[in-house]
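Could you build all of it, start to finish, from the sequences and the hints given here?
Under the working numbering, the first residue of the sequence shown carries the number 1, and numbering increases by one thereafter.
Take these hints with a grain of salt, some might be off.
Unchecked claim - The list that follows gives simulated cross-link-like pairs (lysine-lysine, DSS-like), each with its CA atoms no further than 25 Å apart: (1) Lys266 with Lys192; (2) Lys222 with Lys162; (3) Lys200 with Lys190; (4) Lys119 with Lys107; (5) Lys182 with Lys250; (6) Lys192 with Lys248; (7) Lys200 with Lys248; (8) Lys259 with Lys200.
Simulated from the structure, these hints should not be mistaken for laboratory data.
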Amino acid sequence: MARPDADDTLTQIHRLPNEIIGAAELKPVFRFGRRLQDGVSTLSGVQDDVLLAGKNKDDTVSTGVQDDGIHADAGNNMDDTVSTGVQDDGIHADAGKNKDDTVSTAKAEAEAEAKAYEKTVAKLKAQLADVRKVRAESEAMLKEDLEAEEEARRKADEAMAKAKAEAEAKADAITEAEAVAKAYEETVAKLKAQLAYVRKLRADSEARLKEDLEVLEEARRKADEARRKADGLRRIVEEQRRAVYFFKEKEANLEAELKAEEARMKAGR
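Shown next, in the form of C-alpha coordinates:
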(Lines of atoms letter the chains of each structure in order from A and count residues from 1; the text may use other names and numbers.)
(Lines give C-alpha, C1' and ligand atoms only; values in the text may rest on other atoms or scores of the structure.)
Protein backbone atom coordinates (compact mmCIF):
# COMPACT_ATOMS: atom_id res chain seq x y z
CA MET A 1 0.00 0.00 0.00
CA ALA A 2 1.37 3.40 -0.98
CA ARG A 3 1.85 6.21 1.49
CA PRO A 4 -0.67 9.13 1.49
CA ASP A 5 -0.50 11.38 -1.55
CA ALA A 6 1.68 14.47 -1.12
CA ASP A 7 -1.17 16.59 -2.44
CA ASP A 8 -3.75 15.40 0.09
CA THR A 9 -5.79 17.83 2.19
CA LEU A 10 -3.46 17.94 5.21
CA THR A 11 -0.45 18.73 3.04
CA GLN A 12 -2.38 21.49 1.27
CA ILE A 13 -3.31 22.94 4.67
CA HIS A 14 0.35 23.08 5.69
CA ARG A 15 0.99 25.12 2.53
CA LEU A 16 -1.27 27.92 3.75
CA PRO A 17 0.28 31.37 4.44
CA ASN A 18 2.37 31.66 7.59
CA GLU A 19 0.06 34.25 9.14
CA ILE A 20 -2.76 31.65 9.14
CA ILE A 21 -0.68 28.65 10.24
CA GLY A 22 0.98 30.80 12.92
CA ALA A 23 -2.32 31.64 14.61
CA ALA A 24 -2.11 30.47 18.22
CA GLU A 25 -5.64 29.04 18.26
CA LEU A 26 -4.91 26.89 15.15
CA LYS A 27 -1.50 25.49 16.10
CA PRO A 28 -2.94 22.46 18.00
CA VAL A 29 -5.11 21.60 14.99
CA PHE A 30 -2.18 21.65 12.58
CA ARG A 31 -0.01 19.61 14.97
CA PHE A 32 -2.79 17.03 15.31
CA GLY A 33 -3.23 16.88 11.53
CA ARG A 34 0.48 16.29 10.96
CA ARG A 35 0.64 13.57 13.65
CA LEU A 36 -2.43 11.93 12.14
CA GLN A 37 -0.86 11.95 8.67
CA ASP A 38 2.39 10.46 10.04
CA GLY A 39 0.39 7.78 11.89
CA VAL A 40 -1.43 6.77 8.70
CA SER A 41 1.87 6.56 6.83
CA THR A 42 3.41 4.39 9.58
CA LEU A 43 0.38 2.09 9.69
CA SER A 44 0.51 1.72 5.90
CA GLY A 45 4.18 0.73 6.14
CA VAL A 46 3.41 -1.84 8.84
CA GLN A 47 0.68 -3.37 6.68
CA ASP A 48 3.14 -3.66 3.77
CA ASP A 49 5.59 -5.49 6.06
CA VAL A 50 2.87 -7.85 7.31
CA LEU A 51 1.71 -8.65 3.77
CA LEU A 52 5.30 -9.40 2.70
CA ALA A 53 5.97 -11.53 5.78
CA GLY A 54 2.72 -13.45 5.26
CA LYS A 55 3.56 -14.11 1.61
CA ASN A 56 7.01 -15.44 2.57
CA LYS A 57 5.43 -17.69 5.24
CA ASP A 58 2.92 -19.07 2.70
CA ASP A 59 5.78 -19.82 0.29
CA THR A 60 7.73 -21.55 3.08
CA VAL A 61 4.73 -23.64 4.17
CA SER A 62 3.97 -24.62 0.56
CA THR A 63 7.58 -25.69 0.05
CA GLY A 64 7.54 -27.71 3.29
CA VAL A 65 4.30 -29.41 2.34
CA GLN A 66 5.69 -30.23 -1.09
CA ASP A 67 8.84 -31.73 0.45
CA ASP A 68 6.76 -33.73 2.91
CA GLY A 69 4.66 -34.98 0.02
CA ILE A 70 7.77 -36.21 -1.76
CA HIS A 71 8.92 -38.02 1.37
CA ALA A 72 5.44 -39.45 1.80
CA ASP A 73 5.52 -40.86 -1.74
CA ALA A 74 8.90 -42.35 -1.00
CA GLY A 75 7.45 -43.95 2.15
CA ASN A 76 4.54 -45.39 0.18
CA ASN A 77 6.91 -46.83 -2.41
CA MET A 78 8.97 -48.29 0.37
CA ASP A 79 5.83 -49.90 1.84
CA ASP A 80 5.00 -51.41 -1.54
CA THR A 81 8.50 -52.79 -1.86
CA VAL A 82 8.45 -54.29 1.63
CA SER A 83 5.03 -55.84 1.05
CA THR A 84 6.20 -57.43 -2.18
CA GLY A 85 9.71 -58.51 -1.08
CA VAL A 86 9.59 -59.16 2.65
CA GLN A 87 6.08 -59.70 4.11
CA ASP A 88 7.14 -60.07 7.75
CA ASP A 89 9.05 -56.74 7.93
CA GLY A 90 6.43 -54.51 9.66
CA ILE A 91 8.89 -51.83 10.75
CA HIS A 92 9.09 -50.19 7.32
CA ALA A 93 5.30 -50.17 6.94
CA ASP A 94 4.93 -48.33 10.28
CA ALA A 95 7.52 -45.80 9.14
CA GLY A 96 5.42 -44.95 6.05
CA LYS A 97 2.32 -44.47 8.19
CA ASN A 98 4.19 -42.10 10.55
CA LYS A 99 5.32 -40.07 7.54
CA ASP A 100 1.67 -39.64 6.45
CA ASP A 101 0.76 -38.39 9.95
CA THR A 102 3.60 -35.85 9.78
CA VAL A 103 2.31 -34.49 6.46
CA SER A 104 -1.21 -34.10 7.88
CA THR A 105 0.14 -32.28 10.93
CA ALA A 106 2.18 -29.91 8.74
CA LYS A 107 -0.88 -29.12 6.63
CA ALA A 108 -2.97 -28.42 9.73
CA GLU A 109 -0.30 -26.12 11.13
CA ALA A 110 -0.04 -24.31 7.79
CA GLU A 111 -3.81 -23.79 7.68
CA ALA A 112 -3.81 -22.48 11.27
CA GLU A 113 -1.01 -20.05 10.49
CA ALA A 114 -2.82 -18.90 7.34
CA LYS A 115 -6.01 -18.23 9.32
CA ALA A 116 -4.05 -16.33 11.97
CA TYR A 117 -2.42 -14.29 9.22
CA GLU A 118 -5.81 -13.50 7.67
CA LYS A 119 -7.15 -12.36 11.05
CA THR A 120 -4.10 -10.12 11.56
CA VAL A 121 -4.52 -8.55 8.12
CA ALA A 122 -8.25 -8.01 8.71
CA LYS A 123 -7.52 -6.35 12.06
CA LEU A 124 -4.91 -4.06 10.49
CA LYS A 125 -7.30 -3.16 7.68
CA ALA A 126 -10.01 -2.29 10.23
CA GLN A 127 -7.55 -0.13 12.18
CA LEU A 128 -6.47 1.59 8.97
CA ALA A 129 -10.12 2.28 8.07
CA ASP A 130 -10.69 3.79 11.53
CA VAL A 131 -7.64 6.02 11.15
CA ARG A 132 -8.78 7.17 7.72
CA LYS A 133 -12.24 7.93 9.11
CA VAL A 134 -10.73 9.99 11.93
CA ARG A 135 -8.52 11.80 9.44
CA ALA A 136 -11.51 12.63 7.21
CA GLU A 137 -13.48 13.93 10.19
CA SER A 138 -10.48 16.00 11.32
CA GLU A 139 -10.10 17.48 7.85
CA ALA A 140 -13.80 18.41 7.78
CA MET A 141 -13.58 20.01 11.23
CA LEU A 142 -10.44 21.87 10.25
CA LYS A 143 -12.13 23.17 7.10
CA GLU A 144 -15.07 24.45 9.15
CA ASP A 145 -12.69 26.11 11.64
CA LEU A 146 -10.79 27.82 8.82
CA GLU A 147 -14.01 29.10 7.29
CA ALA A 148 -15.19 30.38 10.67
CA GLU A 149 -11.84 32.10 11.25
CA GLU A 150 -11.99 33.73 7.81
CA GLU A 151 -15.50 35.01 8.53
CA ALA A 152 -14.40 36.34 11.93
CA ARG A 153 -11.45 38.13 10.36
CA ARG A 154 -13.68 39.67 7.71
CA LYS A 155 -16.08 40.99 10.34
CA ALA A 156 -13.16 42.27 12.43
CA ASP A 157 -11.75 44.14 9.42
CA GLU A 158 -15.15 45.71 8.73
CA ALA A 159 -15.53 46.76 12.37
CA MET A 160 -12.00 48.19 12.40
CA ALA A 161 -12.63 50.18 9.21
CA LYS A 162 -15.88 51.56 10.63
CA ALA A 163 -14.22 52.53 13.92
CA LYS A 164 -11.37 54.21 12.05
CA ALA A 165 -13.80 56.26 9.95
CA GLU A 166 -15.70 57.35 13.05
CA ALA A 167 -12.47 58.30 14.83
CA GLU A 168 -11.33 60.36 11.85
CA ALA A 169 -14.70 62.15 11.70
CA LYS A 170 -14.49 62.96 15.41
CA ALA A 171 -10.93 64.21 14.99
CA ASP A 172 -12.00 66.52 12.16
CA ALA A 173 -14.85 67.86 14.27
CA ILE A 174 -12.52 68.51 17.20
CA THR A 175 -10.02 70.28 14.95
CA GLU A 176 -12.74 72.49 13.52
CA ALA A 177 -14.06 73.31 16.99
CA GLU A 178 -10.57 74.26 18.17
CA ALA A 179 -10.11 76.63 15.23
CA VAL A 180 -13.45 78.33 15.93
CA ALA A 181 -12.61 78.65 19.62
CA LYS A 182 -9.25 80.26 18.83
CA ALA A 183 -10.83 82.81 16.48
CA TYR A 184 -13.48 83.56 19.06
CA GLU A 185 -10.89 84.17 21.79
CA GLU A 186 -9.09 86.69 19.60
CA THR A 187 -12.36 88.54 18.85
CA VAL A 188 -13.66 88.88 22.43
CA ALA A 189 -10.41 89.57 24.28
CA LYS A 190 -11.84 92.51 26.32
CA LEU A 191 -14.60 90.31 27.76
CA LYS A 192 -12.26 87.46 28.55
CA ALA A 193 -13.47 86.92 32.09
CA GLN A 194 -17.16 86.79 31.18
CA LEU A 195 -16.57 84.76 28.05
CA ALA A 196 -14.33 82.32 29.94
CA TYR A 197 -17.14 81.80 32.41
CA VAL A 198 -19.66 81.29 29.62
CA ARG A 199 -17.27 78.97 27.79
CA LYS A 200 -16.80 76.91 30.92
CA LEU A 201 -20.55 76.58 31.34
CA ARG A 202 -20.95 75.63 27.69
CA ALA A 203 -18.13 73.08 27.91
CA ASP A 204 -19.66 71.55 31.00
CA SER A 205 -23.06 71.42 29.32
CA GLU A 206 -21.63 69.83 26.19
CA ALA A 207 -19.73 67.28 28.28
CA ARG A 208 -22.85 66.37 30.20
CA LEU A 209 -24.81 66.28 26.97
CA LYS A 210 -22.27 63.92 25.43
CA GLU A 211 -22.33 61.65 28.46
CA ASP A 212 -26.12 61.64 28.51
CA LEU A 213 -26.25 60.82 24.81
CA GLU A 214 -23.88 57.89 25.33
CA VAL A 215 -25.95 56.64 28.25
CA LEU A 216 -29.09 57.09 26.18
CA GLU A 217 -27.61 55.10 23.30
CA GLU A 218 -26.67 52.30 25.70
CA ALA A 219 -30.13 52.36 27.23
CA ARG A 220 -31.76 51.97 23.81
CA ARG A 221 -30.02 48.64 23.32
CA LYS A 222 -31.35 47.23 26.55
CA ALA A 223 -34.65 45.51 27.26
CA ASP A 224 -38.02 47.04 28.15
CA GLU A 225 -36.98 47.51 31.76
CA ALA A 226 -34.67 50.39 30.72
CA ARG A 227 -37.31 52.39 28.79
CA ARG A 228 -38.37 54.49 31.77
CA LYS A 229 -34.77 55.43 32.41
CA ALA A 230 -34.31 56.35 28.74
CA ASP A 231 -37.33 58.68 28.88
CA GLY A 232 -35.85 60.46 31.87
CA LEU A 233 -32.54 60.81 30.10
CA ARG A 234 -34.30 62.32 27.09
CA ARG A 235 -35.70 65.05 29.30
CA ILE A 236 -32.26 65.69 30.74
CA VAL A 237 -30.80 65.87 27.26
CA GLU A 238 -33.40 68.42 26.20
CA GLU A 239 -32.64 70.54 29.25
CA GLN A 240 -28.94 70.37 28.52
CA ARG A 241 -29.56 71.26 24.88
CA ARG A 242 -31.65 74.25 25.92
CA ALA A 243 -28.86 75.25 28.28
CA VAL A 244 -26.36 75.09 25.44
CA TYR A 245 -28.62 77.22 23.25
CA PHE A 246 -29.09 79.66 26.12
CA PHE A 247 -25.36 80.09 26.67
CA LYS A 248 -24.78 80.47 22.97
CA GLU A 249 -27.41 83.21 22.89
CA LYS A 250 -25.82 84.78 25.95
CA GLU A 251 -22.49 84.66 24.23
CA ALA A 252 -23.92 86.37 21.14
CA ASN A 253 -25.46 89.09 23.31
CA LEU A 254 -22.14 89.68 25.02
CA GLU A 255 -20.42 89.96 21.68
CA ALA A 256 -23.04 92.48 20.51
CA GLU A 257 -22.64 94.42 23.73
CA LEU A 258 -18.89 94.43 23.29
CA LYS A 259 -19.16 95.73 19.76
CA ALA A 260 -21.65 98.40 20.80
CA GLU A 261 -19.36 99.48 23.59
CA GLU A 262 -16.41 99.70 21.25
CA ALA A 263 -18.49 101.70 18.76
CA ARG A 264 -19.62 104.07 21.49
CA MET A 265 -16.06 104.57 22.68
CA LYS A 266 -14.90 105.33 19.16
CA ALA A 267 -17.75 107.78 18.68
CA GLY A 268 -16.86 109.52 21.96
CA ARG A 269 -13.32 110.12 20.77
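Hints, verified against the model:
1. Lys266 with Lys192: Since the Cα atoms of Lys266 and Lys192 sit roughly 20 Å apart, the hinted pair holds (cutoff 25 Å).
2. Lys222 with Lys162: Given that 25 Å is the threshold and the Cα spacing comes to 23 Å, the pair holds.
3. Lys200 with Lys190: holds, 17 Å
4. Lys119 with Lys107: Distance of about 18 Å is within 25 Å: holds.
5. Lys182 with Lys250: holds, 19 Å
6. Lys192 with Lys248: holds, 15 Å
7. Lys200 with Lys248: With a Cα-Cα distance of about 12 Å, the restraint between Lys200 and Lys248 holds, given a limit of 25 Å.
8. Lys259 with Lys200: holds, 22 Å
Against the hints set out earlier in the document, no violation occurs for any number.
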